Amino acid sequence: MIIYRELHSPEEFEHLVDLQAHVWATTDRNSTPHNMLMAISHGGGVSIAAIDGDRYVGFNFAFIARRGDEYILWSHMTGVLADYQGQGIGKALKLTQRDWALAHGYQRINWTTDPLQRGNARFNLRLLGGMTNAYHANHYGPMNDSINAGMETDRFEITWPLNHPRVVQVAAGDVLQPVTSDDWPFLLEANAAGLPVETQPSGLDAAYYFIEIPRNIAAIKLSDINLAKRWQLAVRTTFTNCFRQGYHLVDFVDRDNRGWYVVARNFAAS
35 MIIYRELHSP
45 EEFEHLVDLQ
55 AHVWATTDRN
65 STPHNMLMAI
75 SHGGGVSIAA
85 IDGDRYVGFN
95 FAFIARRGDE
105 YILWSHMTGV
115 LADYQGQGIG
125 KALKLTQRDW
135 ALAHGYQRIN
145 WTTDPLQRGN
155 ARFNLRLLGG
165 MTNAYHANHY
175 GPMNDSINAG
185 METDRFEITW
195 PLNHPRVVQV
205 AAGDVLQPVT
215 SDDWPFLLEA
225 NAAGLPVETQ
235 PSGLDAAYYF
245 IEIPRNIAAI
255 KLSDINLAKR
265 WQLAVRTTFT
275 NCFRQGYHLV
285 DFVDRDNRGW
295 YVVARNFAAS
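With this note's numbering applied, the sequence shown covers 35 to 304.
In case anyone wonders, no lab produced these hints; they're calculated from the structure.
The reader is advised that the hints may include incorrect statements.
DEER-style ranges, computed between Cβ atoms [unchecked claim]: (1) G228 to H138: 43 to 49 Å; (2) A168 to M70: 46 to 52 Å; (3) D117 to N64: 20 to 26 Å; (4) G228 to D117: 28 to 34 Å; (5) Y174 to A240: 29 to 35 Å; (6) G122 to G280: 20 to 26 Å; (7) G153 to G280: 25 to 31 Å; (8) S43 to N225: 49 to 55 Å.
Here the structure is a predicted model, which is why all the values come from computation and not from measurement.
All residues carry an ideal CB built from backbone N, CA and C; glycine is no exception.
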């Protein structure tokens with residue numbers, strides 16, 4: 035049986051350093067060390083672990099941040115060992131984090147995520163009910179872990195308003211209904227050769243648009259890094275344009291071996 039609990043001691047935080055190395059195949063240079071995790075906890079943040087018997091199999095940690103006049107919780111990392119993925123552990127970690135945040139007076143949790151990673155898209159939007167209208171180009175600068183090496187580190191800034199109806203629904207165990215229709219237009223999609231094709235009207239006026247991403251960006255990086263970079267630039271340009279014109283990212287659709295984001299013009303994000 036997997037349990038979820040808050041960590042407090044340097045010895046416990048050492049397990050999270052090991053988890054980072056396994057989940058991201060990263061070096062010490064890119065890991066958050068145990069003493070920093072201890073400082074985050076001591077300063078008012080939180081680290082939560084998923085533990086199976088005596089094995090640490092997943093974790094997240096978060097610290098205090100501010101957006102405007104609001105103090106929020108910033109969730110910097112969430113990770114689960116490969117052989118434990120697909121069992122709902124990531125979602126359970128986030129919901130445990132949500133419970134902790136609400137108990138300590140926070141109303142919102144934010145974090146960053148790679149726009150080209152389909153698994154992240156499903157997790158953050160479909161399973162958790164997150165949303166965003168913020169795109170940060172090359173946010174972290176160069177990183178050399180197995181996921182980020184060779185590409186710029188573009189990120190969405192996901193916001194998770196903890197009492198938003200979508201999030202309350204997810205926390206209650208319900209499944210969000212997809213936001214989709216066959217009639218909505220694409221702003222970005224793959225052609226038959228797998229190349230990104232952009233349709234960028236000067237003014238966006240539809241209620242919803244679709245923005246496609248590749249099925250497996252990791253495989254594209256290995257076979258054709260220039261194509262991967264071309265996709266990243268197309269996604270960056272498209273979302274920057276959408277967000278500038280008042281759209282929010284609200285969903286991700288997986289269908290027929292393809293996947294695309296859904297942006298909405300009129301959306302209550304709080």
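Hints, one by one, checked against the model:
Between G228 and H138 the beta carbon distance is about 46 Å. The supplied range of 43 to 49 Å therefore holds. For the pair A168 and M70, the beta carbons lie near 25 Å from each other, so the given range of 46 to 52 Å is not met. Look at D117 against N64: about 22 Å separates their beta carbons, and that is inside 20 to 26 Å. Between G228 and D117 the beta carbon distance is about 30 Å. The supplied range of 28 to 34 Å therefore holds.
The hinted range of 29 to 35 Å is satisfied by Y174 and A240, whose Cβ atoms lie roughly 33 Å apart. Evaluation of the 20 to 26 Å hint for G122 and G280 yields a failure: the beta carbon distance comes to about 34 Å. Taking 25 to 31 Å as the suggested C-beta distance range, the pair G153 and G280 conforms, at roughly 28 Å. For the hinted restraint 49 to 55 Å between S43 and N225, the CB-CB distance of approximately 54 Å keeps it satisfied.
Figure legend: structure checked against the earlier numbered hints; hints not met, in rising order: 2 and 6.
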